[in-house]
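Residue numbers (my numbering), protein chains in the order written: chain A, 1 to 288; chain B, 1 to 269; chain C, 1 to 549.
Derived by calculation from the structure, the hints in this document are not laboratory data. Mixed in with the good hints, there may be bad ones.
[Stated by the list, open to error] Here are the simulated BS3-like cross-link-like pairs (lysine-lysine), alpha carbons at most 30 Å apart as the crow flies: (1) B:Lys32 <-> A:Lys5; (2) B:Lys32 <-> C:Lys44; (3) B:Lys167 <-> A:Lys195; (4) C:Lys233 <-> B:Lys243; (5) C:Lys482 <-> B:Lys229; (6) C:Lys336 <-> C:Lys480; (7) B:Lys243 <-> C:Lys44; (8) C:Lys285 <-> B:Lys32; (9) C:Lys44 <-> C:Lys233; (10) C:Lys233 <-> C:Lys480; (11) B:Lys32 <-> C:Lys395; (12) C:Lys188 <-> B:Lys32.
In this text the structure is predicted, and so the values were computed from the model without any measurement.
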Amino acid sequence: MLGRKIARHTLTLLVTALLGGFLAATLVRLAPGFDSDEAQLDPHLNSESIQALRAERIEQHNIYRFYLHSLRRAAHGDLGTSISLRQPVSELLRQRIPLTVRLVAFGLLLSWAGVMGLALSAAWLRVFAYDTLATLITGLLLCIPAAVLALLSVLWSVPGALAIGLIIFPRDYRYARNLLAKAYGLPHIVAARAKGLSELRILFWHVVPVAGPQLLALAGVSVSLAVGAAIPVEALCGLAGVGQLAWQAALARDLPLLMNITVLVTLVTLLANSGADVIGYMWRDQRA
Amino acid sequence: MSFWRKLACAVLLLVLGISLAANWLAPAGYAKQYREAAGAPPSRQHWLGTDDIGRDRFARVLYGTRISLLLAPAAALLSTLLAAVIGGLAGYLGGVWARAAMALTDLFLSLPWLFLLITVRAMLPLNVSPVFSVLVTFFILGMLGWTSAARVLCSSAATLRDSDFVKQARASGIRGARLFCIHVLPNLKPVLYAQFWISIPAFILSEANLGILGLGVAEPLPSWGSLLKELEGLVSVGEEPWKFVPLALLVLVVTSFQLVLSKQDEVTA
Amino acid sequence: MSKNWKKAVAISALLVATLTGTALGQGELRFCLRSEPKTFDPLKVEDDASVAIRYLTGGVLVRMNRQTQALEPGLATSWKVSKDSRQISFKLRSGIAFSDGTPFSAEDVAYTVQQLMDPALHSATGDAFRSGPGKVETKIVSPTEISITFPAAVAGLDRQFDQVAIVSAHSPKKEMAVLGPFMVTDYKPGASVLLKRNPNYWKTDEQGRKLPYLDAIQLDIQPNRDVEMLRFKRNEIDLINALDGEYFDKLSSTAPNVVHDAGASLDSEQMWFSEVAKAPLPPYKKAWFRSANFRRAISEAINRDDMAKIVFRGHAQAAIGPVSPANKFWFNSKLKPEPYSPEAALGRLKSDGFTMQNGSLKDKDGNEVVFSIITNSGNKLRERMATMIQDDLQKIGVHVNVVTLDFPSLIERMTQTFDYEAILLGLTNVGLDPNDQMNVWLSSSDNHQFNPSEKTPETTWEAEIDKLMRAQASAADPKKRKQSFDRVQEIVVEQAPFIYLVNRNALSAVATNVQGASPVILVPQTYWNVERLSVKPNSTLNANRTDLK
């Protein structure tokens with residue numbers, strides 16, 4: 001049963017990732033500015049050079065052919081060449097993935113440490129003042145633009161991972177807090193309390209397990225939120241990761257780079273969410 | 001209704017009331033440029049100083065509140081409804097529906113929507129009215145902002161589908177839409193409220209960022225998002241604390257929304 | 001070690017260095033590039049970051065001194081341009097080697113020129129020499145003498161070689177073997193480029209010491225100006241090459257000795273209307289935009305002084321025409337600034353049949369005058385300028401919609417779909433010679449921005465400009481060239497195809513521990529004399545920057 005679930009998830013993952021790459025390529029291709037290059041505005045360039053610049057992207061005009069060609073090349077390990085940076089895409093990704101992985105991983109760790117600490121304590125204590133203070137703090141963090149948080153991390157010389165953590169933390173906290181509060185309201189908790197179980201035992205044995213699958217789903221979603229948050233953080237903090245690369249590629253309409261980054265992000269998102277789903281199923285099956 | 005909830009409602013109504021009365025309360029129009037006093041600190045004439053081209057910041061906060069306070073919650077409601085329908089329904093139906101919906105959601109989460117937004121801008125005429133541009137912006141935000149909550153809702157609905165009270169309801173003959181709307185959906189409220197609450201400031205900030213694509217609130221109309229963008233000038237903002245007033249106002253409104261949405265008995269022992 | 005011993009060692013080191021002609025290591029210079037360099041091949045350079053690296057690493061035959069604006073010998077000890085500006089002959093230095101030890105000779109110059117003029121290479125550097133069809137001939141007279149003949153006259157032929165970094169014909173390192181003061185030793189994509197002193201650099205100073213003084217240059221890739229400013233304040237970088245007015249004022253209030261205002265630069269900010277016949281605009285709007293009277297009226301209604309004062313914090317001047325007054329030789333000094341006069345603007349519009357009705361301007365057919373100005377997003381200064389223009393034009397009843405777009409979308413509208421009404425952009429890295437603007441003024445050119453690629457000039461004044469630009473390009477006598485180009489400037493001001501707004505000042509910041517800096521208006525403003533810059537160790541000089549908050 002579990003094996004079948006994993007196989008199904010793997011197939012879904014592959015199909016969705018490939019579809020994601022194609023859709024991303026289509027979006028980029030159809031968006032205005034595709035054939036435009038800032039270099040065209042150089043007054044020193046003559047007409048032939050400007051036409052040559054425009055012609056650089058001719059092979060990408062037919063999106064189906066381009067995508068099939070890219071898939072065939074990718075099967076041999078060639079992910080194409082970045083138009084804006086004039087380097088192999090595989091090389092660019094290889095150089096930048098480790099930094100982004102570290103950034104996102106530490107950011108998630110920090111965020112979830114904060115989320116679980118604050119949400120569990122708020123759920124356990126159930127003191128209005130504490131809850132309102134937590135709401136104020138998370139509300140403040142939600143209202144500060146991600147760019148400002150990134151710039152603050154530069155100003156205070158703190159790691160970019162902290163900025164990512166602070167961007168995701170308020171979102172995850174609110175969901176987690178509400179899920180735990182909802183679980184606290186279930187009838188079996190009243191019964192457990194009536195039987196004299198301690199609040200700590202009730203929290204960890206009867207509340208968290210009930211909210212577990214949803215918290216796992218939330219954890220899966222927060223991975224893609226963290227990857228998204230990496231873009232402004234890396235771009236502003238001058239960190240040479242995939243987020244910064246994605247931003248540069250978007251500004252330059254760099255189709256080979258954007259398509260590959262999207263496939264990568266889709267794979268990461270799907271892996272995280274599928275993993276959360278599978279563990280969630282196991283959790284529910286065990287409790288049933 | 002608890003005291004805090006009443007207070008939060010009062011705060012929201014007060015802020016909304018003041019913003020709607022901006023025409024009478026604002027010392028100047030939001031677009032008027034006092035060029036001889038550009039970048040001025042607070043004074044009797046300009047309570048929150050002026051911005052970089054001499055516009056009264058207090059007036060811009062008042063008028064900006066109107067736009068953001070009305071449209072961001074509307075967009076948040078739209079995204080919450082979409083999350084409820086897609087995520088909640090998928091989890092309730094289970095099986096292939098849930099798998100397809102969640103694959104679609106994951107795809108949605110991963111795609112570079114920046115290019116769709118650029119295309120939308122290209123399709124709009126350049127001389128579109130600022131009001132129309134704002135409405136389109138918040139509509140798009142609402143249509144794109146449902147994905148995170150949908151995933152969590154799917155998991156919640158799947159858990160509820162297998163819960164005892166739902167099985168009991170099914171056994172007593174309640175099925176389909178009635179079972180979903182009356183027995184499952186209300187129990188998804190924690191996630192729905194969280195989604196709504198998070199979306200309000202997220203959409204306000206996103207609206208300002210969409211300005212780089214030509215969407216969002218066009219000059220000279222102010223919005224909270226555009227006012228908050230002043231905070232990005234970190235080099236100077238530390239010496240100009242009055243620039244934090246829009247942030248303080250937004251935090252006040254967001255906290256008030258949360259107090260209105262939450263029930264005190266959920267949080268007190 | 002005691003103090004006296006330290007002094008003795010330092011003096012001895014100096015003596016040894018002087019006697020042996022070796023370089024005296026004097027620190028590492030650090031500053032930021034605002035974008036990723038796209039290439040290290042000097043012949044393919046097109047973006048600002050790559051231009052900066054070419055300047056620091058490339059050896060050129062002649063170098064324009066950015067301070068005096070005079071041409072100085074580089075790898076060539078002397079040169080001669082023929083009367084018809086088609087041929088140039090160089091006498092080269094001998095005994096010079098590339099950074100990897102490969103000897104330099106006339107063969108490398110010939111190879112570079114042939115590569116540059118290859119029709120398959122589409123680069124701004126090469127196109128500057130393509131004055132006409134035909135092959136470029138290179139004749140190696142001796143290992144230290146070469147003459148180059150072009151198929152047609154190239155205006156300012158010798159000056160163009162300031163941009164041509166010589167590449168080796170034989171080195172296995174190809175374009176990475178350089179003749180300039182520094183060489184690229186490390187490149188971390190997205191993060192930094194490290195340049196180290198070229199041990200084979202040919203130049204020495206007046207005392208016979210080898211140049212450059214600096215050991216290395218660290219270039220960090222940092223597009224965000226706020227972060228760049230923060231890093232300068234924290235002593236993490238030593239200079240900011242192009243400073244905004246707001247930051248200039250902030251720094252000068254706490255540390256006036258680090259900021260420099262070199263005066264009006266050659267850069268300009270301007271707006272223009274679409275005059276393209278096939279633009280998807282209503283005919284009545286096309287009629288407005290193609291009317292010189294309308295354009296002049298809009299120009300008169302814009303308060304340039306306020307713009308310079310508020311947007312640029314006083315570090316800019318109202319622009320007069322296509323050439324900045326800072327370009328002393330080529331600027332037409334007879335031209336006067338456009339006075340700010342909404343009344344005069346309304347008068348001009350009335351003569352074209354426009355009328356004011358209930359605070360709105362309407363044309364003779366009753367169409368309300370409403371148009372959009374697009375500009376590139378992310379440029380706060382341009383966004384503010386556009387908002388000020390919107391406010392100024394409101395006073396004469398013209399309603400303007402400001403739309404900021406991402407750059408590729410803007411370029412597409414400007415160059416391909418022509419789906420725009422007015423654009424606000426700027427010209428940067430402008431050269432001194434009017435030939436640099438040839439492709440802006442020729443009506444057939446793709447870069448004739450307000451109406452590109454005309455098959456034949458659509459107006460008599462454009463035909464006249466075409467004739468004058470070609471005349472100045474083929475004339476050898478600078479006075480004759482100036483006469484033609486002065487007339488071009490007069491026509492441009494009369495017809496206002498571009499509404500020139502401001503010329504920004506060249507602002508920069510240089511830390512006090514950087515010795516030898518003397519910022520100028522020409523690019524690169526602060527490190528144009530990089531081989532003579534040195535950096536004193538921070539420990540003795542942090543005191544100078546502790547007052548930077």
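Hint check:
1. Restraint check for lysine 32 of chain B and lysine 5 of chain A: not satisfied, since their Cα atoms lie roughly 63 Å apart, outside the 30 Å limit.
2. A distance of roughly 48 Å separates the Cα atoms of lysine 32 of chain B and lysine 44 of chain C; the hinted pair therefore is violated under the 30 Å criterion.
3. In summary, the hint linking lysine 167 of chain B to lysine 195 of chain A is supported, as the alpha carbons are separated by about 26 Å, within the 30 Å threshold.
4. For the suggested pair lysine 233 of chain C and lysine 243 of chain B, the alpha carbons sit about 22 Å apart, so the restraint of at most 30 Å is met.
5. Between lysine 482 of chain C and lysine 229 of chain B the CA atoms are separated by roughly 47 Å; this puts the pair beyond 30 Å, and the hint is violated.
6. Our distance criterion of 30 Å between C-alpha atoms is met by lysine 336 of chain C and lysine 480 of chain C, whose separation comes to about 22 Å.
7. The suggested pairing of lysine 243 of chain B with lysine 44 of chain C is violated, with an alpha-carbon distance near 45 Å, which exceeds 30 Å.
8. Restraint check for lysine 285 of chain C and lysine 32 of chain B: satisfied, since their Cα atoms lie roughly 28 Å apart, inside the 30 Å limit.
9. For the suggested pair lysine 44 of chain C and lysine 233 of chain C, the alpha carbons sit about 35 Å apart, so the restraint of at most 30 Å is broken.
10. Taken as a hint, the lysine 233 of chain C and lysine 480 of chain C pair is broken in the structure, with Cα atoms around 49 Å apart against an allowance of 30 Å.
11. Of the supplied pair hints, the one linking lysine 32 of chain B and lysine 395 of chain C holds, its CA atoms being roughly 11 Å apart against a limit of 30 Å.
12. For a cut-off of 30 Å, the pair hint linking lysine 188 of chain C to lysine 32 of chain B is broken: about 48 Å separates their Cα positions.
Consistency with the previously given hints fails for numbers 1, 2, 5, 7, 9, 10, 12, ordered from lowest to highest.
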